[in-house]
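2 protein chains.
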Amino acid sequence: MAILVVGSVAFDTIETPSGRAERCLGGAATHFSLAASYFTDVRVIAVVGEDFTPEHEAVLTRRGIDTRGIEHTKGKSFFWSGSYLKNLNEAQTLNTELNVFQSFSPRIPAEYEDSEYLFLANIDPVLQEEVRRKMPKVKMVCGDTMNYWINDHAENLARVLKGLDGLLINDGEAKLMAKDGNLVRAAEKILSSGPKSLIVKHGEYGATAFFSERSFPSNGRVLHLPFRAPALPLAEVVDPTGAGDSFAGGFFGYLASQKELTPANFKKAMFYGGVMGSFAVERFGTDRLAQLDPKEIEERFALFRELSHLD
Amino acid sequence: MAILVVGSVAFDTIETPSGRAERCLGGAATHFSLAASYFTDVRVIAVVGEDFTPEHEAVLTRRGIDTRGIEHTKGKSFFWSGSYLKNLNEAQTLNTELNVFQSFSPRIPAEYEDSEYLFLANIDPVLQEEVRRKMPKVKMVCGDTMNYWINDHAENLARVLKGLDGLLINDGEAKLMAKDGNLVRAAEKILSSGPKSLIVKHGEYGATAFFSERSFPSNGRVLHLPFRAPALPLAEVVDPTGAGDSFAGGFFGYLASQKELTPANFKKAMFYGGVMGSFAVERFGTDRLAQLDPKEIEERFALFRELSHLD
Chain A
1 MAILVVGSVA FDTIETPSGR AERCLGGAAT HFSLAASYFT DVRVIAVVGE
51 DFTPEHEAVL TRRGIDTRGI EHTKGKSFFW SGSYLKNLNE AQTLNTELNV
101 FQSFSPRIPA EYEDSEYLFL ANIDPVLQEE VRRKMPKVKM VCGDTMNYWI
151 NDHAENLARV LKGLDGLLIN DGEAKLMAKD GNLVRAAEKI LSSGPKSLIV
201 KHGEYGATAF FSERSFPSNG RVLHLPFRAP ALPLAEVVDP TGAGDSFAGG
251 FFGYLASQKE LTPANFKKAM FYGGVMGSFA VERFGTDRLA QLDPKEIEER
301 FALFRELSHL D
Chain B
1 MAILVVGSVA FDTIETPSGR AERCLGGAAT HFSLAASYFT DVRVIAVVGE
51 DFTPEHEAVL TRRGIDTRGI EHTKGKSFFW SGSYLKNLNE AQTLNTELNV
101 FQSFSPRIPA EYEDSEYLFL ANIDPVLQEE VRRKMPKVKM VCGDTMNYWI
151 NDHAENLARV LKGLDGLLIN DGEAKLMAKD GNLVRAAEKI LSSGPKSLIV
201 KHGEYGATAF FSERSFPSNG RVLHLPFRAP ALPLAEVVDP TGAGDSFAGG
251 FFGYLASQKE LTPANFKKAM FYGGVMGSFA VERFGTDRLA QLDPKEIEER
301 FALFRELSHL D
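First to last, the protein sequences are chains A and B. For the first sequence, counting from 1, position 13 maps to 13 in the numbering used here; every step adds exactly one. For the second sequence, counting from 1, position 230 maps to 230 in the numbering used here; every step adds exactly one.
Read the hints as simulated data drawn from the structure, not as lab findings. Be aware that a few hints might be false.
Identical chains blur together in the list; that is why a pair holds if it fits in one copy or across any two.
When the alpha-carbon atoms are kept at most 25 angstroms apart in a straight line, the in silico SDA-like pairs for lysine to any residue are as follows [stated by the list, open to error]:
#, residue 1, residue 2
1, LYS175, THR40
2, LYS162, THR262
3, LYS179, ALA154
4, LYS189, GLU306
5, LYS86, LYS189
6, LYS175, GLY194
7, LYS162, ARG107
8, LYS189, LEU85
9, LYS137, ARG107
Sequences and hints are given; from them, build the entire structure.
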C-alpha cells in the first residue's frame, strides 16, 4: 500500500574522511523515498527550486516514486552542507539554507489522498501537523524530528507526537527529548507523551524499538518487550548522510508492503531498516540507494539475520 | 571443564548516580569467577592483603570457586576507587593503590594444573604471559586488557596477544590498540596481530565478535562473519563496575561447560556474556552476581533471545 512522505528534497555538500561531494541530491524525503521504493509505492510532498532539474527528478521517478506532489517554485532548493571529518557519527553543520522551504505550504494532490501510510520526515512540526490533518484516514503514521525542533519548538512538536504510531529518532534526540540520559527511562517518558512506538537508532550499533502499554502492534498480539535490530559492521562508512532516513524508509516501506501489522512484521521491518541504512552509507548522496538490485536487499537481510541469530 | 583465572581480587569504592559503596569486594578475577561459577568449575590465582577476611573469601567459596590459588600476604589488598557520576559508561578513576599486587608473582597450585581453560584477566601482561607459560596444555586461552597496558606496555602485551584464542576488550580499547576509529578495520588489525577471535564489548549496545581467517571456532565449521549479541536495555544501571569481567565470565564459563567449541556454542556464549553483564550492574559490587538462581539466568537468556530474534 502507498506511503505518502512529506519532507525535504535538497542539495547537500558533504565532506567525510572518504572524500567530498558537491551539491549532491539529498534531503530526508529523498533518502526515505528511495529506500521505501524497494518495498511499496511512494508519493512525495516537498518543494524545490529552479536548481532541481529533470535529471534530479529522474533519480526518483526511475524508482517509480510519484513526484507529482513536489512543488517547483522560484528560487533555490533547500541546501545543507556538513562535515564528518571530526566525527563520522555526527555531522558538523557548516551551512543551512532553507531557501524555498522558508515559505512552504504543503499541498496534497488528489491522486495522493488514498495513501494509507504517512511518513512525516524531519521538518517543522507545524508542517508535519498540517499534512497529518489533511490525511485523516491513513492507517499508520510515523515520523522523525531533530534537536532543533525538540529544543525550540517543543509545543508544536508535542502535538505531532500525540498522533504518531511510531517516532523514529536517534539516541541523542531521545535523551534530549526526555531530558534523561537513560534510554529506557527516556523511552518510557516519550511513549507516555503520545507515540505508540519509539524506534531509537544507534548508528553503528543498530536500533531499539520500545512499545507503549497501549498494545502496539495490534491484532491481539502485543510487544511489551523492546526489540533490538543489529547494524552491519562496515569497514568504511563513505557518507553517513541520510542513513537514518534510509532506515526509516526501509522500516516503513516494509511495514506498508505487509497486509497486517504483526509483531513479526514489525521486527522484520526493523531489520530492513538496518539493511537500507547500511546501503545508504556505502556511497555519497543517493548513489547506492538509487540503484540497488532487490536481490542485494534480500542477501543483506540474510546477512543481518546471520550476524545476530543463534543457530 | 575447569577454568583457571588470574587477575585482581580487590576492594572498590564506587560512586554512581544510584549511590555510593565503600570498599566493596571487587576486582576483575572476582567478577569473572562469580559469573563463570554458574556454568563450570573456577579456580582463582590472585594475591590479597590482611584486609581480605574469611567473610570475603566466603563470597567466592559459597559459589564453589576454588580459592587455593589466592595468596595471602602482608599489607593491603589492591584498591580502586572510581566515579560514574559524570558518565555511566566510563569510570573516572579517583584512586588506584596496587598494594600487594605490586610484587605479585603468580604461583599455580598443583591442583590447578589440569585446568583446560585459562582466562588472563586485566593485569600486567608480563604476569599474564608468565601464567600462560606455566599452563602449556590448556585447551583455550582468553584474555582482557586495558588502556594503560595498550599505551605503555605495548611490547609485553603483543606477546600475550599472539597466544590468545579470544581477546575481550571494549570499543575504545580496540580502537586505541589498532589506532583506527573504524571498528571493522580495528578488528582486522588486532586479529592479524595474534588473537583468533576478538570480542568487542559495546556496553549498553551489546557486543560483537570478529574472527580471524584461521578458522575459529574450529571443528570444520567456521565463522567468518562477525556476530552481534544484544545487551538488555535497563532502566537503572546501579553500578557498571565489573560488567565487562562478568560478560567475560559468562562467555568463557559457558564455553568451558560445552563439550565442543562450535560456532553455535560460541554464539550462545556471547549471549550468556550479555546476560551475566546485565545482572552485574543491577547492584553495587558483587551483590547481585554472588546470589543468582540458575533459573534467573535461563529466564534472562530467553529474554535476550526474544528481544533480538525475528519470529
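Hints, one by one, checked against the model:
{"no.": "1", "hint": "LYS175 - THR40", "in the structure": "neither (32 angstroms within a copy, 40 angstroms between copies)"}
{"no.": "2", "hint": "LYS162 - THR262", "in the structure": "within (22 angstroms within a copy, 49 angstroms between copies)"}
{"no.": "3", "hint": "LYS179 - ALA154", "in the structure": "within (12 angstroms within a copy, 41 angstroms between copies)"}
{"no.": "4", "hint": "LYS189 - GLU306", "in the structure": "between (33 angstroms within a copy, 23 angstroms between copies)"}
{"no.": "5", "hint": "LYS86 - LYS189", "in the structure": "between (32 angstroms within a copy, 22 angstroms between copies)"}
{"no.": "6", "hint": "LYS175 - GLY194", "in the structure": "within (16 angstroms within a copy, 39 angstroms between copies)"}
{"no.": "7", "hint": "LYS162 - ARG107", "in the structure": "within (23 angstroms within a copy, 65 angstroms between copies)"}
{"no.": "8", "hint": "LYS189 - LEU85", "in the structure": "between (34 angstroms within a copy, 22 angstroms between copies)"}
{"no.": "9", "hint": "LYS137 - ARG107", "in the structure": "within (16 angstroms within a copy, 75 angstroms between copies)"}
Going down the numbered hints, you'll see the structure goes against just number 1.
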